[in-house]
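Q: Here the structure of chain A is known, so what remains is to put chain S in place on it, guided by the hints.
From first to last, the protein sequence lines stand for chains A and S. Take the first sequence: its letters are residues 67 to 183, numbered as in our numbering. Take the second sequence: its letters are residues 10 to 459, numbered as in our numbering.
FYI, nobody ran anything at the bench for these hints, they're computed from the structure. Ideal Cβ positions, reconstructed from N, Cα and C, are used throughout, including at glycine. Some clues are possibly wrong.
[Unchecked claim] Across the chosen pairs, the derived CB separations fall in these ranges:
no.	chain 1	residue 1	chain 2	residue 2	range
1	A	S168	S	K368	34 to 44 Å
2	S	V230	A	G135	36 to 46 Å
3	S	P439	A	K178	45 to 55 Å
4	S	D427	A	K178	30 to 40 Å
[As the list claims (entries may be wrong)] Reference excerpt, derived from the structure (chain A facing chain S, CB under 7 Å, subset only):
no.	residue
5	L79
6	L82
7	H111
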Amino acid sequence: MKKLLIVEDEKALCLLYKEELSREGYDVTTVYDAEQALAKLSQEHFDLIITDIRMPGRDGVELITEIMGLRKDVPIIINTAYQSYREDFMTWAADAYVVKSSSLDELKAKIKELMSR
Amino acid sequence: MIQEVQFSASDFEKDEPKELMLLSIISQSFFQPFSIEDNLLVILTALTSGSGVGFNRAMLFRTSGEILRGELWLGPKSAEEANSIWEVLSTPGIGYIEIIEHNRALLRREADSLTKRIKALAYPLDREPLAIPALPAAKREVAWVKGAWAEPLVDKSFLNILNVDEFLCVPLLSGDEILGEVILDNAITRRPIEHKDVKLASLCGLMAGNYMYTTALHKKVVEMERLAALGEMAMFVMHQLRNPLAAIGGFTDQLLNSTNDEARTRRNLDIIRKEIKRLEEVLFKLSPFLKLDMRKPISFELPPVVQAVLQSTNLQLKREGIQIEVEMEAGLPEILGDPTYVGEALRNLVDNALEATPKGGCVSIRAGRGGKSGVVLTVQDTGQGVPEAIREKIFEPFLSTKEKSLGVGLFYVKRVMDACGGRIEVESEPGKGTLFRLFFKTRDERRENG
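Isolated chain A, as found in the complex:
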């Protein structure tokens, strides 16, 4: 079973992603900030990381930078409410960029695409 790590400070969205993606057959772990994400990453292997950008404490861009130093091979999806960060140079380092919307279809499709590579 593919393991996903989701970094999201909105608790309701964490719950939603966990339930919906588990139903798609993934093993989902959710954390609320970058610190927790890095702690998890040092303990376990994940096949994909999905992260928000604007979060309390260290933001998603900093997180991506650190993850790239730790684990270059893990694909990253940025999942954010901001469209404008797409131009931000560090977000290019991510494998996909999904703008949050009322439907999970795009996020699910991107995960599927990256997991079948």
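A: The following block gives chain S in isolation, referenced to the frame of chain A:
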């Protein structure tokens, strides 16, 4: 010994060098709150005032795109008038308002004749062959033209308007940019232009160019700041709306696809309800940016409003571990304002105070008589204080030190106080806490002030 010197352009005596006064008038005009056009007029006036120094007439060209366009013309019609302008300028104690009024009157007079013809003049700066007046601007050099009628480089339609044999072209430059050009002549006195006039005019040209450049730059910065603030707001609002919408959409889809799991249905509906409430809060927080729909201030008692605010559940949740002290003077007069907005303003202040105060700290709210028969309400905390660097700006919108705040709370409070004719003050010491004072008017006070 130190002697303090207060300096103004009008301090010059008549026997002092006129060049000095000229430069003084020009440099001081840059600090006056008049439009760029008015200040350029002051420069032209200074250049054309009096036959002893400077010139009889000045013509201003300004560039728009790559084209040099005639804009205005200034100068007396006769030698007598030239002298009278100089008289105006050398009147002891003359202010810029007088100079500008004088200029505007001159311009109105000229509007129908020469200025109209000048405005029809336009010369591209990027197309060869360049004729005068475009040539000096394009080459960025002052040009002193003598024997103009015999000079093939001078544009004849321009010369027909000018109708002199000798004139000076002073480009207005700033860095890479060509801002315009001033043409100066002595059409009335027919006095030959001297070398010192050229030097003085070149200096004025440099100053004017600099002035135009900084003015344009300032305008640009102000506009950029406004746009940046708007952009920040748009970004924040987008985030604030997209997150609840993502949750609402996701949990609704779950409901649509789910089998009959009553507990889960209930949970999802709860989440959806909460997220809708958040959306409403975003709209509410943005309301200061829409026109605050303030009713006419009414007279009302402050203490019940304070009590109602302190009992709100939101504040009750946040006050854990923090002491709240309330002190209200008995028999306070009624204050003027809108009780709903005043309550909301107080809620904002108390909310901030509770957030800034660590556990074990104290937030005190006091109401008493203050000001001139008015009422003053204070909210004081023992939090970390407002850093000095941002203390002056705390009432501006989008300034927030909090992660998830829109930074409109204090802006809102300020607007509420403005709307009810009161005012707000802040005192803060880093590490010790912050004190806000809200001064309200009362009916009595209004009566006393008539």
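Q: Evaluate each hint against the coordinates.
A: Outcome of the hint check:
For A/S168 and S/K368, the Cβ-Cβ distance of about 39 Å falls inside the hinted range of 34 to 44 Å, so the restraint holds. Look at S/V230 against A/G135: about 39 Å separates their beta carbons, and that is inside 36 to 46 Å. Restraint check, S/P439 to A/K178: a C-beta distance of roughly 53 Å satisfies the suggested window 45 to 55 Å. Hint check: S/D427 to A/K178, Cβ distance near 55 Å, so the stated range 30 to 40 Å is violated.
Hint status for A/L79 relative to chain S: holds, with the closest Cβ pair at about 6 Å, below 7 Å. For A/L82, the interface hint holds, since its Cβ comes within 7 Å of a Cβ in chain S; the closest pair sits about 4 Å apart. Proximity of A/H111 to chain S is violated relative to the hint, the smallest CB-CB distance being about 27 Å (cut-off 7 Å).
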